[in-house]
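Visitor: Chain by chain, the residues:
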Amino acid sequence: MAGTSTTGVANEPAVAAAAAADASAKKPPRRPRLNKETLAGYLFIAPGVIHSLLFIVFVLFVSAFLSLTRWDLVSSPEFIGIQNYVDLFSDELFFITIKNTVIFVLMFIPLTITLSLSVALAANTKLRGLAFFRTAYFFPYVASMVAVAIVFRWLFSSDYGLINGFLGWFGIDPVNWLNSCSTALPSIAFVSVWKGLGWNMTLFLAGLQGIPSHLYEAAALDGAGRWRQFRDITWPLLTPTTFFVLVTSVLGSFQVFDTAYLMTQGGPERCTYTYLYYLYQQGFRFFNMGYAAAMAWLLFAVLIAVTFIQFKFLNKRVNYELG
Amino acid sequence: MSSADVSTRVPPAQGSQVAKRARRLSGYVALSFLAAVSLIPFAWMISTSFKQRFEVFIYPPRWIPESLQWDNYLSLWRDFPFWNNWIFNSFKITIFVVLAQLLVCSMSAYAFARLRFPGRDLIFYLYLGSMMVPDVVNLIPTFVLMRSLGLLDSHASLIIPALASAIGIFMLRQFFLSIPRELEDAARVDGAGYWRIYWDVILPLSKPALATLGVFLFIWTWTDFITPLIFLSSPEKYTLTVGQAFINGQRSSDWERLMAANVMSLIPLLIVYLAAQRHIVQGVTLTGLKG
Amino acid sequence: MLLAPACGLFESGGGSSEEPGTVVVMLPSDNPGDIQARQALAEAFMKQHEDIPVKIQVIPAEGYDQKVFTSIAAGEPPDIFGSGDVIIPTIVSKNYALDLNTLIEKEDYDLSSFYPQVLDGLRFDGKLVGLTDNWDTQVMYYNRELFDKAGLDYPDGTWTWDDFVSNARQLTEGEGPEKVFGAVHGTWFVPIFDAVWSFGGEVFSEDGSECLLDSKESVAGVQAVADLIEEGLSPTPEQLEGQSPTQLLLSGRAAMVIDAGRWGAFELQEGRVDWAVAPLPKGPAGRQNFFHLGMFAIARNSDSKENAWEFLKYMVSKEGIQSTVDNLQGIPARKPVAKSSVVTDSAIVQEHDALDPFLESLPTAHTAPYVEDFAVYIDTIGAGMDPIWSGEKSAAEVLPSVCDKVEEQIAEQQAQ
Numbered sequence: 001m002a003g004t005s006t007t008g009v010a011n012e013p014a015v016a017a018a019a020a021a022d023a024s025a026k027k028p029p030r031r032p033r034l035n036k037e038t039l040a041g042y043l044f045i046a047p048g049v050i051h052s053l054l055f056i057v058f059v060l061f062v063s064a065f066l067s068l069t070r071w072d073l074v075s076s077p078e079f080i081g082i083q084n085y086v087d088l089f090s091d092e093l094f095f096i097t098i099k100n101t102v103i104f105v106l107m108f109i110p111l112t113i114t115l116s117l118s119v120a121l122a123a124n125t126k127l128r129g130l131a132f133f134r135t136a137y138f139f140p141y142v143a144s145m146v147a148v149a150i151v152f153r154w155l156f157s158s159d160y161g162l163i164n165g166f167l168g169w170f171g172i173d174p175v176n177w178l179n180s181c182s183t184a185l186p187s188i189a190f191v192s193v194w195k196g197l198g199w200n201m202t203l204f205l206a207g208l209q210g211i212p213s214h215l216y217e218a219a220a221l222d223g224a225g226r227w228r229q230f231r232d233i234t235w236p237l238l239t240p241t242t243f244f245v246l247v248t249s250v251l252g253s254f255q256v257f258d259t260a261y262l263m264t265q266g267g268p269e270r271c272t273y274t275y276l277y278y279l280y281q282q283g284f285r286f287f288n289m290g291y292a293a294a295m296a297w298l299l300f301a302v303l304i305a306v307t308f309i310q311f312k313f314l315n316k317r318v319n320y321e322l323g
Numbered sequence: 001m002s003s004a005d006v007s008t009r010v011p012p013a014q015g016s017q018v019a020k021r022a023r024r025l026s027g028y029v030a031l032s033f034l035a036a037v038s039l040i041p042f043a044w045m046i047s048t049s050f051k052q053r054f055e056v057f058i059y060p061p062r063w064i065p066e067s068l069q070w071d072n073y074l075s076l077w078r079d080f081p082f083w084n085n086w087i088f089n090s091f092k093i094t095i096f097v098v099l100a101q102l103l104v105c106s107m108s109a110y111a112f113a114r115l116r117f118p119g120r121d122l123i124f125y126l127y128l129g130s131m132m133v134p135d136v137v138n139l140i141p142t143f144v145l146m147r148s149l150g151l152l153d154s155h156a157s158l159i160i161p162a163l164a165s166a167i168g169i170f171m172l173r174q175f176f177l178s179i180p181r182e183l184e185d186a187a188r189v190d191g192a193g194y195w196r197i198y199w200d201v202i203l204p205l206s207k208p209a210l211a212t213l214g215v216f217l218f219i220w221t222w223t224d225f226i227t228p229l230i231f232l233s234s235p236e237k238y239t240l241t242v243g244q245a246f247i248n249g250q251r252s253s254d255w256e257r258l259m260a261a262n263v264m265s266l267i268p269l270l271i272v273y274l275a276a277q278r279h280i281v282q283g284v285t286l287t288g289l290k291g
Numbered sequence: 001m002l003l004a005p006a007c008g009l010f011e012s013g014g015g016s017s018e019e020p021g022t023v024v025v026m027l028p029s030d031n032p033g034d035i036q037a038r039q040a041l042a043e044a045f046m047k048q049h050e051d052i053p054v055k056i057q058v059i060p061a062e063g064y065d066q067k068v069f070t071s072i073a074a075g076e077p078p079d080i081f082g083s084g085d086v087i088i089p090t091i092v093s094k095n096y097a098l099d100l101n102t103l104i105e106k107e108d109y110d111l112s113s114f115y116p117q118v119l120d121g122l123r124f125d126g127k128l129v130g131l132t133d134n135w136d137t138q139v140m141y142y143n144r145e146l147f148d149k150a151g152l153d154y155p156d157g158t159w160t161w162d163d164f165v166s167n168a169r170q171l172t173e174g175e176g177p178e179k180v181f182g183a184v185h186g187t188w189f190v191p192i193f194d195a196v197w198s199f200g201g202e203v204f205s206e207d208g209s210e211c212l213l214d215s216k217e218s219v220a221g222v223q224a225v226a227d228l229i230e231e232g233l234s235p236t237p238e239q240l241e242g243q244s245p246t247q248l249l250l251s252g253r254a255a256m257v258i259d260a261g262r263w264g265a266f267e268l269q270e271g272r273v274d275w276a277v278a279p280l281p282k283g284p285a286g287r288q289n290f291f292h293l294g295m296f297a298i299a300r301n302s303d304s305k306e307n308a309w310e311f312l313k314y315m316v317s318k319e320g321i322q323s324t325v326d327n328l329q330g331i332p333a334r335k336p337v338a339k340s341s342v343v344t345d346s347a348i349v350q351e352h353d354a355l356d357p358f359l360e361s362l363p364t365a366h367t368a369p370y371v372e373d374f375a376v377y378i379d380t381i382g383a384g385m386d387p388i389w390s391g392e393k394s395a396a397e398v399l400p401s402v403c404d405k406v407e408e409q410i411a412e413q414q415a416q
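First to last, the sequence lines map onto chains A, B and C.
Reminder that position 203 of the first sequence reads as 203 in my numbering, one-by-one numbering, no gaps.
Reminder that position 7 of the second sequence reads as 7 in my numbering, one-by-one numbering, no gaps.
Reminder that position 39 of the third sequence reads as 39 in my numbering, one-by-one numbering, no gaps.
Heads up, some of the hints might be wrong.
[To be verified] Taking lysine-lysine pairs in the DSS-like style, the calculated list, with each CA pair at most 25 Å apart, reads:
| # | chain 1 | residue 1 | chain 2 | residue 2 |
| --- | --- | --- | --- | --- |
| 1 | C | Lys405 | A | Lys99 |
| 2 | C | Lys318 | C | Lys127 |
| 3 | B | Lys237 | C | Lys55 |
| 4 | C | Lys305 | C | Lys282 |
| 5 | C | Lys282 | C | Lys313 |
| 6 | C | Lys47 | C | Lys305 |
[Said to hold, decoys possible] Just so you have them, the derived chain C footprint on chain B, three or more residues with Cβ under 8 Å:
| # | stretch |
| --- | --- |
| 7 | 76–89 |
| 8 | 227–234 |
| 9 | 241–247 |
Just so you know, the hints here were simulated from the structure itself, not pulled from any lab data.
Computed from a prediction, not measured in an experiment: that's the story for all the values here.
Think of the CB as a built atom: it goes at the ideal place given N, C-alpha and C, for glycine as much as any other residue.
Extracted from the complex, chain A is given alone in its bound form (with noise of 0.2 Å):
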């Protein structure tokens, strides 16, 4: 895999002790070895891989399985294959509902990479005082949902919201940002954003941490300014981190579901109805739970595919030590 880096040193125990098995058995070359770093491997991720059999291996073939259903909750699923599945694709609701959500992935992502990052960067210091500021960006990670819902209705409110009123001053026309079509789903995503700051703020934070300060020090020796040292020592070993970030938004943001129901109830005229809400109408609302088991393994293909193509196209530059 792309990124691991091997030194000598780190084999030689590996080494020696096949080197030895090899002296002793003289066995067929092909028969794996268990050597001691494989027995270590199996052994920590032993805990987690039987936990994950019984929890998400057993939950996800069934949850599959309801998906070849059709079910009501109230009587038996009854088997009908890939029905569901043909179904979704003359579903008119369907489609509207991916564009709604890829759009606010589009707009969703950039915006939250650049401001966490920006604000990780800025709030990374020791000073006094900053603690405090890391903990207001963190709140509203933890507000309720309901509170945001009310005060940002307020602050978008087309006759009386703060945001028009700043906006007047400049003298632009007051936007009707909730109620119509072109700018419900960007104040959607705009109130996203600012609710995750803190989850992807923490993050780049934590990430920042593992840096470390002896390089910057040498670059500013070397007379290297700040956007230098970004770009040459900070950008390329938070990459890993930068990379959990963007899998983690697009996994997400793909699943938003909160804020667009609270804030408009997938108004107007369904122009914030997202996927995951019209999954979650369809499963208990409509009682179509097979119908919407088959949208859940269809965002599983979507999401499994762009994250693919992130892995791909991505992990090249992702390093995990520099030079």
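Mind docking chains B and C on chain A? Use the hints.
Guide: Chains B and C in isolation, oriented as in the chain A frame:
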């Protein structure tokens, strides 16, 4: 990178000192503005939690209530005899989950990051893949599983499924991958086995990552509503999130008390985050590397 | 091969994890006091019937549907479950509720002290699908002070829609954030259905196969509400800013509100306005007010039917209703309890007249149409009507296409 360069460096001109200060000032202004915006909902939550019903929605919004209604808070204990149980249950379940997951996920992450064994990458990708199915459809199968295991209406039904998670493994693996190998190599030269390296070298170096994951696990478990709602049925076993949901009825909303409950529920989260910051933002020096 | 056991996982055969014979009850919560009140009810019952264990689960309203249906789906169904407006039609048409007639006839159970409309509302296809301890219906709330200030008579049961509108005009005043609206009319499905019905229209045809919202009368009803908004007597969704109409009344910015049933009274009690209740105004086709009937139903595949029946009878007995009446938002379902002093002496009845208008409206109470997939159609209709409330389009323009969509969905559902 020679010392010769130092002597040829030109001292910065006076003008750029001013520019630097202006930049710093505008930086502070931007940070403060963002902080203010971030805190508005918090201010509204606190303000509303002390209001009487009629002042919740009047316009223009009133930030300072007519009189502080402490009763909004006190009534939570009065009307919900199980309120203390709920707080205790939330703590109990959350702490269990955080500690257990930190251990299990870090073990798996270490193996994925540093050890080589057949199937390593495949299993890791399977974990990643499992993150891509929305939880909603896993609810019923998990319920069926719990029922078959006889764990319904017990806190175990909330703790056991949360003993490990793909996202925890993914997060820690990424952090472990970026730890410089020199320290591990040094330890191995000293004869340390894998467990020793994991426990004495990797974990201490990963405080920011562990603190980060720990904080988020705390938050996610503490604020989880659906799982305790579905798996528990005895009122005294509920968690705080479920308990809070009783404040609103089918058609009416009791905003003041709901905000009071939310504010109360938020305080542990903020405390945990503040405490964790000590580990997350360690500041400038990190490793004890020479040179 | 793997399918059979997988299907088997979801059967409720094998019973729930409770001891056999236990009656598991799931109810949504409306008040903090519900948990204890219902528990007390169960305990009182168990004292009288020592051989019937009852386990009551009071569940927060927010997660109620999900919990009930997840439990049913996973093979742990409740024996008795409470049920609200939107879910009943679905439950009923999926045949999930036990027909109580079978149990009633066996013992000649006396239903006479129930309001007859309650029993009628719970009958479907000749089956009695549940019983209840309370009922509710839509009414109009008004601000007495504002009426006094404008020198107008309070609304009463004689008002027509025109009376309503002309009074509203006189009561609307002010501009901007401090405007007082004369007639705030809710736009969720319940008050809109009322408007449609009172103008002589219908939502669904008798057999549930057609959408009738595009008929002349239905369009007139919907347009009447849209006209209120157009004229500035009722707020646009924007102007509501996420508040409910009742909350608008609470903060003194509405003179009349048509949106809620009796739960609105409890909300208004927390405020400071001098409010009162009146029946809805009569449209060209008379008064029509949505009948809110929650119910307790017994699951058809319950394995403790007889025990469940015993407890259900207790819940809706005079004794049972009397003991929980403090927690009920609606009117007790049995006449003697509704007329008892516990109800008539309460503050909301004495000072704000929160009883008679309801009784007066009972004869015209209109139940929800019993169509399967009701929730789906409500969703489509709601989303489709958005442009009407924001003034972009008229009802006549929008409703035909809404009906087309609904009928498509009906056809799909019937094809299954």
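Visitor: Quick one: which hint numbers does this structure break? Sort them smallest to largest.
Guide: 4, 5
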